[in-house]
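Asks: Each chain, written out:
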Amino acid sequence: NAGVMQNPRHLVRRRGQEARLRCSPMKGHSHVYWYRQLPEEGLKFMVYLQKENIIDESGMPKERFSAEFPKEGPSILRIQQVVRGDSAAYFCASSRHGTGDYEQYFGPGTRLTVT
Amino acid sequence: QQPVQSPQAVILREGEDAVINCSSSKALYSVHWYRQKHGEAPVFLMILLKGGEQKGHEKISASFNEKKQQSSLYLTASQLSYSGTYFCGTGKNDYKLSFGAGTTVTVRA
Numbered sequence: 001n002a003g004v005m006q007n008p009r010h011l012v013r014r015r016g017q018e019a020r021l022r023c024s025p026m027k028g029h030s031h032v033y034w035y036r037q038l039p040e041e042g043l044k045f046m047v048y049l050q051k052e053n054i055i056d057e058s059g060m061p062k063e064r065f066s067a068e069f070p071k072e073g074p075s076i077l078r079i080q081q082v083v084r085g086d087s088a089a090y091f092c093a094s095s096r097h098g099t100g101d102y103e104q105y106f107g108p109g110t111r112l113t114v115t
Numbered sequence: 001q002q003p004v005q006s007p008q009a010v011i012l013r014e015g016e017d018a019v020i021n022c023s024s025s026k027a028l029y030s031v032h033w034y035r036q037k038h039g040e041a042p043v044f045l046m047i048l049l050k051g052g053e054q055k056g057h058e059k060i061s062a063s064f065n066e067k068k069q070q071s072s073l074y075l076t077a078s079q080l081s082y083s084g085t086y087f088c089g090t091g092k093n094d095y096k097l098s099f100g101a102g103t104t105v106t107v108r109a
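Going line by line, the protein sequences match chains A and V. Numbering-wise, my numbering puts 42 at position 42 of the first sequence, and it's gapless, one number per residue. Numbering-wise, my numbering puts 101 at position 101 of the second sequence, and it's gapless, one number per residue.
Incorrect hints may have been included.
[Stated by the list, open to error] Mimicking EDC-like on lysine to aspartate or glutamate, the simulated pairs with C-alpha atoms at most 16 Å apart in a straight line are:
#1 V/K96 with A/E57
#2 V/K96 with A/D86
#3 A/K51 with A/E40
[Said to hold, decoys possible] Restraint ranges, calculated between C-beta atoms of paired labels, are given here:
#4 A/A2 with V/I11: 43 to 49 Å
#5 A/I76 with V/V43: 41 to 47 Å
#6 V/N65 with A/L38: 27 to 33 Å
#7 V/I11 with A/E18: 40 to 46 Å
#8 A/G73 with V/Y29: 44 to 50 Å
The hints are simulated quantities; they were obtained by calculation from the structure and are not laboratory data. Cβ coordinates follow ideal geometry from the N, Cα and C atoms, glycine included.
Throw the hints in and build the complete structure from the sequences for me.
Replies: This is the structure:
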């Protein structure tokens, strides 16, 4: 009964490099959400995807950030030309349905450090 | 707009009780509660829905006052395992949750 899986767990990138974060939702879940968490802060919504569709990316910076959830394979959050301010923990969550009355299950997160 | 949680932190001895509050300035459809231990993923605790329905699987109770747009999480007879940061996530009738800044709970033996 695998939960939400994310990899890598830790990622170090130099300024200007690209970061790719992967998320495999729980079995039977077709709704994926990405959140960013800064130290000592809450979770900030970034993007909501279903298979092959971006439903809401209102929380994602317009530049350098992109997300996808292909028909086959994990969801990917891609950050191009990373800057120090991108350092954070990035959590992926999945749910069975995309409404507020269903729980979201979180993965262990990817901790991105930009040097 | 993110909900406001209070208190920011609380220290308890095993067996003591505590209440964590979550307030929103907007009308709510649902309130989700999660607990996160340091360096780990947030773990789902409970959902409270407008109309009184609750979904949860922990021995932790909560209430949802729709008129006041508030929710409270009750930690009763606290155990060491209750330590962590508790987040409330508030939502309208969709997927988008706004999370509070968290309440750090420390339970000591």
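Asks: Checking each numbered hint in turn, tell me which of them this model violates, lowest number first.
Replies: Failing hints, ascending: 2, 3, 4, 5, 8.
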